[in-house]
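In the order they appear, the protein sequences are chains A and B. Sequence positions in the first sequence follow my numbering and run 1 to 475. Sequence positions in the second sequence follow my numbering and run 1 to 211.
Hints may contain errors.
Said to hold, decoys possible - Derived BS3-like pairs (lysine-lysine); straight-line CA-CA distance at most 30 Å:
hint: 1; chain 1: B; residue 1: 117; chain 2: A; residue 2: 95
hint: 2; chain 1: A; residue 1: 168; chain 2: B; residue 2: 197
hint: 3; chain 1: B; residue 1: 117; chain 2: A; residue 2: 168
hint: 4; chain 1: A; residue 1: 400; chain 2: A; residue 2: 472
hint: 5; chain 1: B; residue 1: 197; chain 2: A; residue 2: 166
Unchecked claim - Simulated DEER-style distance windows between Cβ atoms:
hint: 6; chain 1: A; residue 1: 92; chain 2: B; residue 2: 150; range: 39 to 47 Å
hint: 7; chain 1: A; residue 1: 82; chain 2: B; residue 2: 160; range: 43 to 51 Å
hint: 8; chain 1: B; residue 1: 166; chain 2: A; residue 2: 73; range: 56 to 64 Å
hint: 9; chain 1: A; residue 1: 213; chain 2: B; residue 2: 200; range: 28 to 36 Å
Quick caveat, the hints were computed from the structure, so don't treat them as lab data. This one's a predicted model, so the numbers in the text were calculated from it and none came from an experiment. Just so it is clear, CB atoms sit at the ideal spot from N, CA and C, and this is done for glycine as well.
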Amino acid sequence: MSTPKTLFEKVWQQHLVVAPANEPSILYIDLHLVHEVTSPQAFDGLRMAGRKLRRPDRTVATVDHNVPTSSVQDRLHILDQISSRQIQALRQNCKDFGVELYDVQAPEQGIVHIIGPELGLTKPGMTIVCGDSHTSTHGAFGALAFGIGTSEVEHVMATQTLPQDKPKTFRISVDGALPYGVTAKDIVLHIIGQIGTAGATGYVVEYAGSTIRSLSMEGRMTICNMSIEAGARAGMIAPDQITFDYLKGRRFSPAGDAWNLAVEQWSQLVTDEGAIFDRELHIDAATLTPTVTWGTSPGMVTGIDSTVPTLDPSASEADQNNFERALEYMALEAGKPMQEIAIDRVFIGSCTNARIEDLRASASVVRGYHVATTVSAMVVPGSQSVKAQAEEEGLDIIFKTAGFDWREPGCSMCLGMNPDILAPGERCASTSNRNFEGRQGRGSRTHLVSPVMAAAAAITGHLTDVRNWKFKEAN
Amino acid sequence: MIAINVLTSTAIPLDMSNIDTDQIIPKQFLKRIERTGYGEFLFYDWRYDLDTPDHVSERKDFALNKVEYKGSKILIAGKNFGCGSSREHAAWALTDFGFLAVIAPSFADIFFSNAGKNGMILVRLSEADVELLTHRSTSNPAHKITINLEAQTVTDDQGFSATFEIDPFRKYCLLNGLDDIGLTLRHESELDSYEAKHDEEFWLTPRVSAA
Ligand code: SF4
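Take the sequences, apply the hints, and build the full model.
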């Protein structure tokens with residue numbers, strides 16, 4: 001028998017075009033997702049060099065980062081000239097190079113990492129890249145998926161490959177039943193808090209264990225999405241029946257005999273018994289609590305029932321400086337109970353938590369309540385299809401009745417590149433993935449939370465432990 | 001990327017040290033969607049009179065604006081050229097303007113690598129040699145310099161001759177006009193046969209046609 005292999009090694013080997021000595025390996029790319037912000041210079045590079053886009057059939061584009069989410073009208077006539085030009089450029093580029101584009105009002109449009117899976121473009125065993133760091137999301141299907149820069153975008157366009165040095169492997173196993181009120185978002189925030197924002201740098205992480213196995217595809221995507229926040233090159237989860245059930249019948253999923261053959265192939269994509277990882281970490285799910293960030297990096301986390309941490313005098317000087325700067329920026333004092341932190345805004349959205357299940361979960365908290373008078377709250381579905389599905393289920397009514405703003409799909413307040421931004425000093429409970437200084441607008445203060453915790457905070461006006469929530473039934 | 005071996009051109013002298021990438025291309029131009037078209041913004045703050053209402057009147061005394069130097073493909077500058085921010089736009093602006101080479105006593109690291117990715121030849125000469133060439137190009141704009149990459153020499157029409165150092169792999173890439181994409185395409189035949197076989201594995205194609 002051959003040596004046992006990890007899931008990552010299987011996918012890696014299957015995509016090696018050539019591995020020359022003393023040079024990076026050339027890795028074949030199955031799917032290239034493109035959006036408006038990081039692609040224009042790449043398309044231009046192709047033009048300058050007189051090159052073709054090698055595989056338009058392996059390339060799919062959408063608009064998400066820049067599009068306004070306020071109304072269909074605002075999306076069709078974008079006021080910001082720079083955004084508008086960028087989107088216009090993508091349209092022209094896709095036309096010139098024969099790339100399928102899901103434009104602003106197309107039924108397929110949405111955040112690039114949400115539409116890939118929901119259209120069935122994302123499949124187990126693929127290599128997937130996109131000029132956006134949260135491409136790691138697609139790893140939830142057992143794909144090797146990672147973010148790339150503009151020069152690399154051009155490289156993939158021209159050659160459908162990337163020169164890559166082989167990363168190391170890191171298995172994070174989470175076992176046991178999830179305690180009440182703890183979600184996939186809490187798991188990944190906990191992991192980042194534990195290993196640090198550079199804790200997985202140089203590694204591809206495989207998430208394993210019974211807790212991970214029990215998660216839905218939505219939950220698995222949330223976890224893989226934030227792998228990059230721990231510095232990982234990519235996150236992966238082996239495909240299983242839950243994966244196959246999710247993919248079956250999707251627009252670009254195989255059908256009929258082809259489906260059976262595909263499932264047979266995908267079922268091989270598991271880490272073999274006895275395969276060796278460069279690093280391992282075990283987490284007992286019973287120890288997890290609903291988790292929130294208090295500072296300005298996704299690793300600055302604490303339990304919702306805890307307090308803003310105090311300075312660790314044994315930490316390095318640089319870390320102590322970091323800590324103090326974060327407290328000051330967030331306008332928080334050490335020792336303050338997390339639940340006493342009042343918030344101004346709530347953002348339920350982003351490629352981390354804007355799928356249908358996320359909206360269902362937050363709607364269940366919101367039902368029968370009203371947003372606090374001190375809070376302005378918004379729900380931004382991750383895609384047109386999520387939006388349509390939610391409206392079919394009446395979730396939009398629940399949110400709107402409660403005083404939430406129900407918006408059009410896009411990245412929205414995740415990154416402050418479109419009109420959805422926080423005012424300086426505003427504090428937001430956000431289901432997105434980054435709480436860096438200024439990420440949601442200059443001077444913005446972000447607390448990363450799960451969708452249910454964001455919903456609860458919107459109602460109470462402060463960070464809230466969802467484990468004590470009194471759910472109201474539909475009447 | 002074009003392959004360059006021998007480059008003969010007049011040269012524009014910028015007799016200053018520590019010319020940083022912020023000067024080469026100011027940050028307000030980084031929002032653009034193109035990799036091309038940065039040439040007109042090259043050395044923006046030095047090239048244009050910013051006090052005039054339209055902000056576009058050229059400063060006659062700045063070397064890049066002088067008609068005598070029009071079409072020059074070589075820039076001569078002081079030491080530590082390209083320091084500061086890592087923006088690749090600096091290299092884009094220089095090549096877009098028409099420069100194919102920069103001669104200086106030393107270059108900043110990141111700029112050095114960015115320039116290489118964009119096919120520019122960066123020539124390190126001694127301070128005395130750079131000074132001499134600067135002087136000749138300043139007093140006589142028609143002064144022509146020849147850079148021979150293969151031979152690693154710089155000569156001019158007045159008997160100047162010097163050699164320069166270059167990393168062999170970088171030289172190989174420049175001589176063959178290879179950028180990263182070019183390097184990958186050395187394996188094109190392997191890629192073609194890999195791809196043909198890989199395409200048969202329909203479950204790895206994004207838009208599946210049922211087998
Ligand atoms: S939602 Fe945020 S993280 Fe996700 S793709 Fe958009 S900007 Fe990037």
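Here is how each hint holds up against the structure:
A distance of roughly 28 Å separates the Cα atoms of residue 117 of chain B and residue 95 of chain A; the hinted pair therefore holds under the 30 Å criterion. Taking the CA atoms of residue 168 of chain A and residue 197 of chain B, the gap is near 28 Å; set against the 30 Å cutoff, the hint holds. Taking the CA atoms of residue 117 of chain B and residue 168 of chain A, the gap is about 27 Å. The hint holds against a cut of 30 Å. Distance hint between residue 400 of chain A and residue 472 of chain A is fulfilled; the C-alpha atoms sit about 16 Å from each other, no more than 30 Å.
Of the supplied pair hints, the one linking residue 197 of chain B and residue 166 of chain A holds, its CA atoms being roughly 23 Å apart against a limit of 30 Å. A beta carbon spacing of about 40 Å between residue 92 of chain A and residue 150 of chain B agrees with the range 39 to 47 Å that was offered as a hint. Checking the proposed 43 to 51 Å range against residue 82 of chain A and residue 160 of chain B shows it holds: the Cβ atoms sit about 47 Å from each other. Our hint of 56 to 64 Å for residue 166 of chain B and residue 73 of chain A holds, since their Cβ atoms are close to 57 Å apart.
Distance hint check for residue 213 of chain A and residue 200 of chain B: the Cβ-Cβ separation is about 31 Å, which falls inside the suggested range of 28 to 36 Å.
In summary, the structure agrees with every hint in the numbered list given earlier.
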